[in-house]
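Turn these sequences into a full structure, and let the hints guide you.
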Amino acid sequence: MLHRFIIFGFLGMLAEIIFGALKEILRHRDFQLIGQTSLWVFPLYGLIAFLFPLLAHRVGEFPWWGRGLIYMMAFSLVQYVSGWVLDRFGLCPWHFASKYSINGLVSFLQLPLWFGAGLLVEWSYPYIMAMSQQ
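Residue numbers for the sequence shown follow the working numbering, beginning at 2 and rising by one.
There's no promise every hint is true.
[Unchecked claim] Heads up, simulated SDA-like pairs for lysine to any residue below, C-alpha to C-alpha not over 20 Å straight-line: (1) K24 with F109; (2) K24 with P94; (3) K100 with L114; (4) K100 with L78.
[Unchecked claim] Distance ranges between label pairs, derived from CB positions: (5) W85 with M132: 13 to 21 Å; (6) L3 with W85: 23 to 31 Å; (7) A131 with G105: 16 to 24 Å; (8) L55 with R30: 23 to 31 Å; (9) L92 with R30: 25 to 33 Å; (10) I103 with A131: 34 to 42 Å; (11) Y101 with P54: 29 to 37 Å; (12) A131 with F20: 22 to 30 Å.
No lab work stands behind these hints, which were simulated from the structure alone.
Bear in mind that the values here come from a model prediction, so they are computed numbers and not experimental data.
C-beta atoms are modelled at their ideal positions from N, C-alpha and C, and glycine is treated no differently.
Written as structure tokens, this is what we have:
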């Protein structure tokens, strides 16, 4: 299980770096491909190793779009709660300043990304399990 925690932690950080670099291309036409993240997100993405199997077991028979919606809500809930806790210590690495956010901790504009991320985790989880058991 520790292997999966580490794998998901690193994959999540990598995804954030890639997303940030692509966002810079779209926003500023900056093709340096520089992205960044915070080490605080490592354990948050690592939690997928523990939380995803519990959730996937309960929603496995739902249609793909239903599973995606539930994963999206779960990601958003974890993002909100963890952001709230980190913010209490002045450590939250994200703040969404748009009117489409909840307390600056969750952005409605990111919901489609969380929808897709949940389905991507669902698809990749068996492969990551196999890798971590070798």
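Hints versus structure:
1. Straight-line distance between C-alpha atoms of K24 and F109 comes to about 17 Å, which keeps the hinted pair within the 20 Å bound.
2. With a C-alpha separation of about 17 Å, the suggested pair K24 and P94 falls inside the 20 Å cut-off, and the hint holds.
3. A hinted pair counts as satisfied when its Cα atoms are at most 20 Å apart, and K100 with L114 qualifies at roughly 18 Å.
4. The straight-line distance between the Cα atoms of K100 and L78 is roughly 18 Å, inside the 20 Å bound, and the hint therefore holds.
5. The hinted range of 13 to 21 Å is not satisfied by W85 and M132, whose Cβ atoms lie roughly 33 Å apart.
6. Our hint of 23 to 31 Å for L3 and W85 holds, since their Cβ atoms are close to 27 Å apart.
7. Between A131 and G105 the C-beta distance comes to about 39 Å, which lies outside the given range of 16 to 24 Å.
8. In this structure the hint that L55 and R30 lie 23 to 31 Å apart at CB is violated, the actual value being about 42 Å.
9. With their beta carbons about 32 Å apart, L92 and R30 fall inside the hinted range of 25 to 33 Å.
10. Look at I103 against A131: about 37 Å separates their beta carbons, and that is inside 34 to 42 Å.
11. Between Y101 and P54 the beta carbons are some 31 Å apart, a value that agrees with the proposed interval 29 to 37 Å.
12. Checked against the given bound of 22 to 30 Å, the beta carbons of A131 and F20, roughly 26 Å apart, stay inside it.
When held up to the earlier numbered hints, the structure conflicts with 5, 7 and 8 and fits the remainder.
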